[in-house]
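Dock chain B against the given chain A, drawing on the hints supplied.
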Amino acid sequence: MGNPDSHGTQHGSCGTGCGNSAPQKTSCGAEKEECHDESKRDFIFISAASMAVVGAGVTAWPFVATLGPAKDTLALSTTEVDLSHIQEGQAVTVMWRGKPVFIRRRTASDIELARKVDEDASTFNALRDKQKDDERVKQSTFGGKAMPQWLVMVGVCTHLGCVPMGQKPTDMHGDFAGWFCPCHGSHYDSAGRIRKGPAPHNLAVPSYTFLSENRIKIG
Amino acid sequence: MANPNAPLTDFGNPVINWIDRRLPIFTMMQKEYGVFPTPRNFNYLWNFGAIAMVMLMVMIVSGLVLAMHYTADTNLSFNAVERIMRDVDYGWLVRYIHMNGASMFFIAVYVHIFRGLYYGSYKQPRELLWILGVLILLLMMATAFMGYVLPWGQMSFWGATVITNLFSAIPLVGDTIVTWLWGGFSVDNPTLTRFFALHFLMPFVILGVVFLHIAALHVSGSNNPLGIEPKSDKDTVPFSPYYTVKDLFGLCVFLIIYAVFVFYMPNYMGHPDNYTPANPMVTPPHIVPEWYFLPFYAILRSFTIDIVIPFTDIIVISSKLGGVLLMFGSIAVMFVLPWLDTSPVRSARFRPLYQKFFWVHLAVCIALGFLGAKPPEGLYTIASQVCTFLYFAHFLIVLPLLTKYEKTLPLPPSIHEAILADRCTKQP
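Protein chains in written order, with our numbering: chain A, 1 to 219; chain B, 1 to 428.
If you are wondering where the hints come from, they were derived from the structure by calculation, not from laboratory data.
Fair warning: this is a prediction, and the values are worked out from it, not measured in the lab.
In this text, a Cβ means the ideal position worked out from N, Cα and C, and glycines have one as well.
One or more of the hints may lead you astray.
Not everything, but these chain B residues come out facing chain A in the computed CB check (under 10 Å) [as the list claims (entries may be wrong)]:
{"id": "1", "residue": "Val-162"}
{"id": "2", "residue": "Val-178"}
{"id": "3", "residue": "Leu-181"}
{"id": "4", "residue": "Asn-189"}
{"id": "5", "residue": "Asn-267"}
{"id": "6", "residue": "Gly-270"}
{"id": "7", "residue": "Thr-276"}
{"id": "8", "residue": "Pro-280"}
{"id": "9", "residue": "Pro-285"}
{"id": "10", "residue": "His-286"}
{"id": "11", "residue": "Ile-315"}
{"id": "12", "residue": "Pro-375"}
Chain A extracted, bound-state conformation:
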């Protein structure tokens, strides 16, 4: 450990003199001064520096923490949606936490297409983010009745956060009858699973509950 204090180094040089019956006055610099143990100095420097680091961290923390989500932002974390007007094959986009959430009432053929993937081992194993269709819609239940027609996902591409196309019938749906992200070309299937392109994960499923058969609370 470097010693910036020249006074200290002088004492360091007299380390050998410590304990001698005749103290070496000259190298100690000051008369009758006690010789210091260098390792004690090190301990003081290291503990002082550690305290300074801890202090700096404690001081910096509030500044870093101010940049996180504030309480009002966190308070807006649930959204309720009425689904009664959505016909089979239709989809709506609602805002939740500043992000679009896709709610699609899937047709029987949409579901069948997605479940075919689950049954075929080679296709299923080729999925980048392996999830079965019933896992994707496992929260879509009310009163013990499964409602796999309701697919609810955060409509944000898991690549770099664009909103994929595919909510409107006239949109591009990609190669797998689901969604297509035009930014970097990610294709999602009818269960919102990533099938082709750069995105690493399936479209995220938020936590949600059905309050009745036609009402959903997201968040």
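This is chain B only, laid out in the frame that chain A set:
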């Protein structure tokens, strides 16, 4: 400085002499910009450092005025910018100066960088000078990105979304970091206000690093087109008036081109989508960054496969993380350039092979810029991958090999002798 009785420069003005004796800024200016010995053989490519400095000043002054009229709020920002354009006297002029100024600043800096590459200005003893320069480029990119978010148009919003999402590629803590960067669960008001604060701060950080960049330059002295150090007084001229005048002339030409953009085609380098207010529910079909980011954007998108441990499903580097690593790597490789190319000959004039590879490299960078503006499909993806490979191959394969095997041409004995020899051969 320590001795107040030391003979100081006589500036012929008692007030200046009085100040200079107490704070020798005039002596310093005289030493660093007046009589400063500078190689006598600069060509016009050596204008661009001074031009970049002027652009930084233009951006700070125009930005300061804009900030006085701007409001950082998702409900107000778009209209605040439109108000500057329509209602504030000469607001349109100041905004177009600022908007096009960013592009012109990048043009000046890119020319400055490629000049450094061609003439080997990054080599010993100018490594730290070069590294500070790359740092300035990084800071400029961050500043330009955050500035582009402020008008809160569609491209602002989606550009911010895509770029901040790059950090979600970091394993384990990525999503937490992105939430922290946003101050929420999406790009929103907290993001806009912090970007404004940082966009205001960063130019002054850049100014500080530019000061260090110039301080380092004045220790090593400038490189020159021959890439050999000046050996005597015959090889140099005083900075003023020779290069103050030459820089001013180059600056005037540059400002004329800048003015053509500002007055006749102010939106040529922008995107019409950014005149649509930000809408978090609809992504524009083609998100394209500003032109000066296009090569890096092409590199980002070129990585399309996951790297997995063979015979397992464990993804070591996802295509997303890979793209992000490549993009940051394309800048990071510039930091270590002085140690990748250790050939003692600086200037490409005396390196016949390096000269060829330099032009290939420039062409690759321009091609990447072109590809960055195209949709990521089919042939464009393959071309981006080839160009990305060539970009990195230039630094990591070509330069170390050239250092070892290239046969360089003999260097002239000194700058003035080279100039005289050149003149004798040209005269009949």
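Do the hints match the structure? See the list:
no.: 1; hint: Val-162; in the structure: 4 Å, holds
no.: 2; hint: Val-178; in the structure: 9 Å, holds
no.: 3; hint: Leu-181; in the structure: 8 Å, holds
no.: 4; hint: Asn-189; in the structure: 9 Å, holds
no.: 5; hint: Asn-267; in the structure: 23 Å, violated
no.: 6; hint: Gly-270; in the structure: 19 Å, violated
no.: 7; hint: Thr-276; in the structure: 15 Å, violated
no.: 8; hint: Pro-280; in the structure: 6 Å, holds
no.: 9; hint: Pro-285; in the structure: 5 Å, holds
no.: 10; hint: His-286; in the structure: 7 Å, holds
no.: 11; hint: Ile-315; in the structure: 8 Å, holds
no.: 12; hint: Pro-375; in the structure: 7 Å, holds
Checked against the numbered hints above, the structure breaks hints 5, 6 and 7 and satisfies the rest.
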